[in-house]
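Residue numbers (numbering that gives the first Met the number 0), protein chains in the order written: chain A, 0 to 286; chain B, 0 to 241; chain C, 0 to 354.
It is possible that part of the hints are untrue.
Quick list of in silico lysine to any residue cross-link-like pairs, SDA-like style, CA-CA up to 20 Å [as the list claims (entries may be wrong)]:
#, chain 1, residue 1, chain 2, residue 2
1, C, K27, B, E119
2, B, K112, C, T215
3, B, K112, C, W218
4, B, K78, C, Y241
5, C, K27, B, G117
6, B, K62, C, K27
7, B, K78, C, R132
8, A, K31, C, L133
9, B, K112, C, S181
10, B, K112, C, Y241
11, C, K27, B, Y138
12, C, K238, B, Y138
13, B, K112, C, T240
14, B, K62, A, V275
15, B, K62, A, R276
16, C, K238, B, E61
17, C, K238, B, H81
18, C, K27, B, L104
19, B, K78, C, G165
20, B, K78, C, P129
21, C, K27, B, G116
22, A, K31, C, Y137
23, B, K62, C, E229
It should be emphasised that the hints constitute simulated quantities derived from the structure, not laboratory data.
In case you want the letters, here they are:
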Amino acid sequence: MDIVQVVISGILLGGVYTLFATGLNLIFGVMKIINLGHGELMMLGAYITFFLSTSAGVNPLVSIPVAAIAMAVLGWILQFALVERVVNQPAINSLLLTFGLSTLMMGVALNLWTSNFRSVIYEPLTGSWTILTISFSRSRLVAFFIAILVTGGMWLFLKRSTFGKSIRATSQHPQVAQLCGIDVRQVRFATFALGSAMAAVSGSLIAMIFTVSPEMGRMFIGKGFAIIVLGGLGSFAGAFLGALILGVSETLTAFFTNTQIAEGVAYLILLLVLVVRPSGLFGKAEE
Amino acid sequence: MSRVAPLATDIILQAQNVSKRFGGIQAVDNASLQVGRGKITGVIGPNGSGKSTMFNLITGLEKPDSGQIIYKGKNIAGKPSHIVNRMGMGRTFQLTRLFGTMTVLENMTVVTKENFGGAEALARELLANLGLSRLSNEYASNLSYGQQKLVEFLRLSMIESDLILLDEPFAGVNPVMEKKLLEQIDAWIIEGKTILLTDHEMAIMMELCESIFVFDYGSVIAHGTPAEVREDRRVMEAYFGS
Amino acid sequence: MATRTPPVTDQAPNDTNVDAYTPPGWEKYIGWAYLVGLIISVIFLLRLPIAADAYTVTLTLTVLLVITLSTSWNWLSGFGGYTSFAHAGFFGIGSYIGALLLHYEKMHWIPVMIVAGIGCGIIGFLVGLPTLRLRGPYFAIAMLAFTELCRVIALAWDDVTLGGNGVFLPILRLQLPEENMSFWEEAQMTFHNNQNYYAMLVLATIACIWSYVLGTSRWGLKLLAIRDDEVAAQAMGIKTTYVKVTTFAGSAVFPGIAGAIYARHVGYIDPVTVFAIIWSIRAITTSIFGGRGTIIGPILGAVVLTLVSEKVWEQDPNLYQIVYGGIIILVVLFMPGGLMALLQQRNIFPRSRRI
Numbered sequence: 000m001d002i003v004q005v006v007i008s009g010i011l012l013g014g015v016y017t018l019f020a021t022g023l024n025l026i027f028g029v030m031k032i033i034n035l036g037h038g039e040l041m042m043l044g045a046y047i048t049f050f051l052s053t054s055a056g057v058n059p060l061v062s063i064p065v066a067a068i069a070m071a072v073l074g075w076i077l078q079f080a081l082v083e084r085v086v087n088q089p090a091i092n093s094l095l096l097t098f099g100l101s102t103l104m105m106g107v108a109l110n111l112w113t114s115n116f117r118s119v120i121y122e123p124l125t126g127s128w129t130i131l132t133i134s135f136s137r138s139r140l141v142a143f144f145i146a147i148l149v150t151g152g153m154w155l156f157l158k159r160s161t162f163g164k165s166i167r168a169t170s171q172h173p174q175v176a177q178l179c180g181i182d183v184r185q186v187r188f189a190t191f192a193l194g195s196a197m198a199a200v201s202g203s204l205i206a207m208i209f210t211v212s213p214e215m216g217r218m219f220i221g222k223g224f225a226i227i228v229l230g231g232l233g234s235f236a237g238a239f240l241g242a243l244i245l246g247v248s249e250t251l252t253a254f255f256t257n258t259q260i261a262e263g264v265a266y267l268i269l270l271l272v273l274v275v276r277p278s279g280l281f282g283k284a285e286e
Numbered sequence: 000m001s002r003v004a005p006l007a008t009d010i011i012l013q014a015q016n017v018s019k020r021f022g023g024i025q026a027v028d029n030a031s032l033q034v035g036r037g038k039i040t041g042v043i044g045p046n047g048s049g050k051s052t053m054f055n056l057i058t059g060l061e062k063p064d065s066g067q068i069i070y071k072g073k074n075i076a077g078k079p080s081h082i083v084n085r086m087g088m089g090r091t092f093q094l095t096r097l098f099g100t101m102t103v104l105e106n107m108t109v110v111t112k113e114n115f116g117g118a119e120a121l122a123r124e125l126l127a128n129l130g131l132s133r134l135s136n137e138y139a140s141n142l143s144y145g146q147q148k149l150v151e152f153l154r155l156s157m158i159e160s161d162l163i164l165l166d167e168p169f170a171g172v173n174p175v176m177e178k179k180l181l182e183q184i185d186a187w188i189i190e191g192k193t194i195l196l197t198d199h200e201m202a203i204m205m206e207l208c209e210s211i212f213v214f215d216y217g218s219v220i221a222h223g224t225p226a227e228v229r230e231d232r233r234v235m236e237a238y239f240g241s
Numbered sequence: 000m001a002t003r004t005p006p007v008t009d010q011a012p013n014d015t016n017v018d019a020y021t022p023p024g025w026e027k028y029i030g031w032a033y034l035v036g037l038i039i040s041v042i043f044l045l046r047l048p049i050a051a052d053a054y055t056v057t058l059t060l061t062v063l064l065v066i067t068l069s070t071s072w073n074w075l076s077g078f079g080g081y082t083s084f085a086h087a088g089f090f091g092i093g094s095y096i097g098a099l100l101l102h103y104e105k106m107h108w109i110p111v112m113i114v115a116g117i118g119c120g121i122i123g124f125l126v127g128l129p130t131l132r133l134r135g136p137y138f139a140i141a142m143l144a145f146t147e148l149c150r151v152i153a154l155a156w157d158d159v160t161l162g163g164n165g166v167f168l169p170i171l172r173l174q175l176p177e178e179n180m181s182f183w184e185e186a187q188m189t190f191h192n193n194q195n196y197y198a199m200l201v202l203a204t205i206a207c208i209w210s211y212v213l214g215t216s217r218w219g220l221k222l223l224a225i226r227d228d229e230v231a232a233q234a235m236g237i238k239t240t241y242v243k244v245t246t247f248a249g250s251a252v253f254p255g256i257a258g259a260i261y262a263r264h265v266g267y268i269d270p271v272t273v274f275a276i277i278w279s280i281r282a283i284t285t286s287i288f289g290g291r292g293t294i295i296g297p298i299l300g301a302v303v304l305t306l307v308s309e310k311v312w313e314q315d316p317n318l319y320q321i322v323y324g325g326i327i328i329l330v331v332l333f334m335p336g337g338l339m340a341l342l343q344q345r346n347i348f349p350r351s352r353r354i
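Isolated chain A (complex conformation) (with noise of 0.2 Å):
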């Protein structure tokens, strides 16, 4: 029953990085922008429910809606202030740019917060459920579940609301967007703010099954990237295929081998599919 476990254990992972390479995805499709700041935005995010849970004693699922909100303002801040200027710029710019973020942000943590571990208790999401004999670690599970509760709504969100369709229309042709009286600015905004929330949400999850650094979002990006390239950029689905292929193989990695071989399979996934199939294994080609 170890393997089984050890699957479970790397789907219910899945369900969390889905969440956080949803948001990035989000952003990439919208404004063609990779996000090398996003993992920080997530680090944040993880940062504000570990504060509130040991500082203030705020309930850690409490603080997830709290972490979002925050780092929503920051990254409509964000966009406003900095990503907006290279929205039409060559990538060259906006990948330097982002990269300027992700490195001052990481800065900063270290700077107030040392690079020492952290990690949020829940007394009870500590220990686990056994269902037949299987058991699930009470914090995984309900990650995975917020994880999917939130993908789940933000794909409902662009399908049916009216800003959603907004947000989907200036990703597949801003120009024609325009033209249908579109805000595309007010759209990218707003895309910047949701990936930021999402990405938040997904740090506060993280914080509660594993711990808080403020490496940590260095790590998640090339996680990140790795679940994109193999489901294919702008699809949910694939990102969804992609997280639970790239959990359950770093899961196994780690059972078979260890943590630390099991922390390249993202990266050995990503430059392979890079190469081997720039377009994703499930995505249809670009262009």
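Assemble chains B and C onto chain A, guided by the hints.
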């Protein structure tokens, strides 16, 4: 007249049953054309009829799904564009594609062969012929659109090409510039080069080309001399609807 | 195949819509000025270890290291427009090749440096061949993954790399001054005691000279053409893949050797420090701050930023990342051409490929 007329005995380029599909769009559908050596051949057709894709297939920027492209007796279908270029095929683009942060002179010398010592002298001479010497140290992105077109033409003169493909060279160009471009085309023909061009300026096309292929929905719907093409009912339909 | 209508506004070729640029007459002597400057700097730097204290020598070694990194990064990423995050990877690989050869084989250090450089060149070629077919942003991500993967391999392959324990290098035994040393003996002693400094000086000098050769050559022009319009470059007969991959492999040699020298200099390496993204950050920040795609921009940026950051570093090592991240953002937004573009706009420097 829809049958393949004996256009020229010496064919430098022959595309046979070439097809290319992008997602759900059949951009080029079983198209064939021939270009006679030393002649000016035209390709006309409405926007989106597959002319530019055909040019990209011939010059190696796209790989055809099926069909052959015989250039100087060799099948070049799917060969990368720098190889095709080295075999003596040069082209211009629909919107000019100069290297923006490079000077006019650099734009012209960068494309020449490695061991071509007189590149700069030749470039300066070509610029002087058209009265553009004073722009030689200017960044290409600072030039007007017409000037950029002209420099793109001159850049083509820097490489040893036997076949030159011109993609809508006259679009957005004023009459003065148009005259200069036409002079350059004449000069190329005198040098013995072959030209394949597409444009929407019907008057020029009819006057310039010896043979014209008409594209619609990715297929060649008619071809022949300008006079023949002009009379063809299907060409009228393609352009004006029936 | 959307309908694109080109702008109809255009002017006859003889119209003066552009103030045609003529470089000043002294532009063609810039190369000689560099040569004189280089000779003076090298002479000054050669005798620095005699005149200055150990701190100054180490600081200068760091400046030379960063010059090597930023200059070599600039070849593909500045001239060629392909942002690479692989410099940290090659730096780490080079330091591991160097450290392990010295650790296991007890070889003489000079051939070890050369092996580290060639090794990185070969790896650069093999990595570049498949990844440089990707479009720019994807290549950048691939290089991020490459660097991280290198770190994981160095950690996991502990039979060879000693894993997270790191590698200790043989200690350099310093020679002590004796009485009545001849000039020649003293010079030998200085060289022996500062061999890492001198190695870095040679490497940085080669990198600078190579930058000039590349920047003023047809090869450099081809890289610019790739940056401006890769499709057009290919259609005009430029072998873009060949140019990119070869440049990438060549630029990998320098961080490789620099890593090996660094390993000897600090005496101990582990995967986390030598594969740290900070090496890429340093190369990128200094290069774009000075002016990417120019010859002296990366050198200028490396000197200025390293000396400034030394002051920051003394106070707080973490502040360093904040400052560098901030500089990247400000440069991209407000001075994309870096210091060199500012100086050229003010006509302090001419617009020239020799700059």
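Hey, C:K238 versus B:E61, does the alpha-carbon distance stay inside 20 Å? This hinted pair holds, its Cα atoms lying about 16 Å apart.
Keeping to a limit of 20 Å between CA atoms, is the pair of C:K27 and B:G117 held or broken? The given pair, whose Cα atoms are some 19 Å apart, holds under the 20 Å limit.
Please work out if C:K27 and B:L104 have their alpha carbons no farther apart than 20 Å. Holds, because 16 Å separates the two Cα atoms, which is no more than 20 Å.
Check the hint pairing B:K112 with C:S181 against an upper bound of 20 Å on the C-alpha distance. 56 Å, violated
Between B:K62 and C:E229, is the straight-line Cα distance small enough, at 20 Å or below? 17 Å, holds
Hint check: C:K238 vs B:H81, CA-CA at most 20 Å. Holds or violated? Measuring from Cα to Cα gives roughly 6 Å; hence the hint holds.
For the pair supplied as a hint, B:K112 and C:T215, is the alpha-carbon distance within the 20 Å limit? 17 Å, holds
Between B:K78 and C:R132, does the CA-CA distance stay at or below 20 Å? 16 Å, holds
So if I understand the rule, the pair passes when the alpha-carbon distance is 20 Å or less; does A:K31 with C:L133 pass? 16 Å, holds
Could you grab the alpha-carbon distance between C:K238 and B:Y138 and see if it respects the 20 Å cut-off? At roughly 23 Å apart (the allowed maximum being 20 Å), B:Y138 and C:K238 break the hint.
Keeping to a limit of 20 Å between CA atoms, is the pair of C:K27 and B:E119 held or broken? Answer holds: C:K27 to B:E119 is near 15 Å, not above 20 Å.
Pair hint B:K78 and C:G165, alpha-carbon separation not exceeding 20 Å: Measuring from Cα to Cα gives roughly 49 Å; hence the hint is violated.
The structure does not agree with the numbered hints 6, 9, 12 and 19 stated previously, though it agrees with the rest.
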